[in-house]
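*Asks:* Letter by letter, the chains look like this.
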Amino acid sequence: KQEVTQIPAALSVPEGENLVLNCSFTDSAIYNLQWFRQDPGKGLTSLLLIQSSQREQTSGRLNASLDKSSGRSTLYIAASQPGDSATYLCAVRVQGAGGSYIPTFGRGTSLIVHP
Amino acid sequence: DTGVSQNPRHKITKRGQNVTFRCDPISEHNRLYWYRQTLGQGPEFLTYFQNEAQLEKSRLLSDRFSAERPKGSFSTLEIQRTEQGDSAMYLCASSLFTGDVEKLFFGSGTQLSVL
Numbered sequence: 001k002q003e004v005t006q007i008p009a010a011l012s013v014p015e016g017e018n019l020v021l022n023c024s025f026t027d028s029a030i031y032n033l034q035w036f037r038q039d040p041g042k043g044l045t046s047l048l049l050i051q052s053s054q055r056e057q058t059s060g061r062l063n064a065s066l067d068k069s070s071g072r073s074t075l076y077i078a079a080s081q082p083g084d085s086a087t088y089l090c091a092v093r094v095q096g097a098g099g100s101y102i103p104t105f106g107r108g109t110s111l112i113v114h115p
Numbered sequence: 001d002t003g004v005s006q007n008p009r010h011k012i013t014k015r016g017q018n019v020t021f022r023c024d025p026i027s028e029h030n031r032l033y034w035y036r037q038t039l040g041q042g043p044e045f046l047t048y049f050q051n052e053a054q055l056e057k058s059r060l061l062s063d064r065f066s067a068e069r070p071k072g073s074f075s076t077l078e079i080q081r082t083e084q085g086d087s088a089m090y091l092c093a094s095s096l097f098t099g100d101v102e103k104l105f106f107g108s109g110t111q112l113s114v115l
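If you read the protein sequences in the order shown, they are chains S and C.
So in our numbering, spot 25 of the first sequence is number 25, and the numbers just go up one at a time.
So in our numbering, spot 40 of the second sequence is number 40, and the numbers just go up one at a time.
Please keep in mind that the hints were generated in silico from the structure rather than gathered at the bench.
The structure displayed is predicted, hence computed values, not measured ones.
You can trust all of the hints, since none of them are fake.
Away from chain S, derived, C-beta distances all over 10 Å, residues of chain C:
(1) E52
(2) L60
(3) P70
(4) K71
(5) F74
(6) E83
(7) G85
(8) S87
(9) T98
The calculated DSS-like cross-link candidates involving lysine-lysine, where the alpha carbons are at most 25 Å apart (straight line), are:
(10) S/K42 / C/K14
(11) C/K103 / S/K42
(12) S/K1 / C/K103
(13) S/K42 / C/K11
Not everything, but these chain S residues come out facing chain C in the computed CB check (under 10 Å):
(14) V4
(15) Q6
(16) F36
(17) Q38
(18) L44
(19) S46
(20) L89
(21) C90
(22) R93
(23) T104
(24) R107
Backbone N, C-alpha and C fix where the C-beta goes; we use that ideal spot for every residue, glycine too.
Using the sequences provided together with the hints, build the complete structure.
*Replies:* Spelled out as structure tokens, the structure:
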């Protein structure tokens with residue numbers, strides 16, 4: 001069974017710092033990996049999607065990389081801002097019992113950026 | 001594109017009652033997923049549909065849970081004889097699956113409290 005682990009579980013930093021959030025998975029036979037942001041009590045907002053054939057994706061201050069061989073993805077946030085405060089979740093699409101590829105989530109990293 | 005819509009946003013019920021949630025996906029999306037999320041955890045997969053066909057169900061989906069997607073449009077998730085352990089955020093996501101890139105879009109969720 002695919003296990004998705006996110007480290008650290010929580011992070012508190014001053015504004016302006018560059019951050020690295022980690023996502024690791026146990027089965028390298030993934031279809032894709034998607035990073036999400038979740039504000040308290042809200043649904044998930046998609047940030048970046050990396051296909052299994054890709055190495056990285058970038059959007060604004062965000063960069064996500066994927067290394068299937070080591071079972072890792074990192075989300076890099078440049079010049080963090082208080083508005084970046086949220087929980088960041090990664091979802092790895094893996095093959096389920098029925099043969100379909102099902103997005104499996106980690107527990108997330110709770111980020112607080114202080115002004 | 002009006003996004004994924006979930007109703008109601010909040011539901012408070014007494015133990016033993018039945019509840020039903022509705023999800024309206026993005027109009028052209030052919031796949032629809034249901035997840036459950038408890039505090040401090042990542043979303044857990046419950047079930048998904050491709051058009052009107054329910055293709056996979058998690059072991060988490062006990063016989064008290066049933067989901068439908070008539071005509072491949074909106075979906076409903078019903079919980080019968082609710083228990084306090086059913087208290088959670090129920091999230092719906094949709095996607096356009098073409099055999100290539102598949103990106104999930106989430107709704108705002110339905111927060112269920114069972115008293």
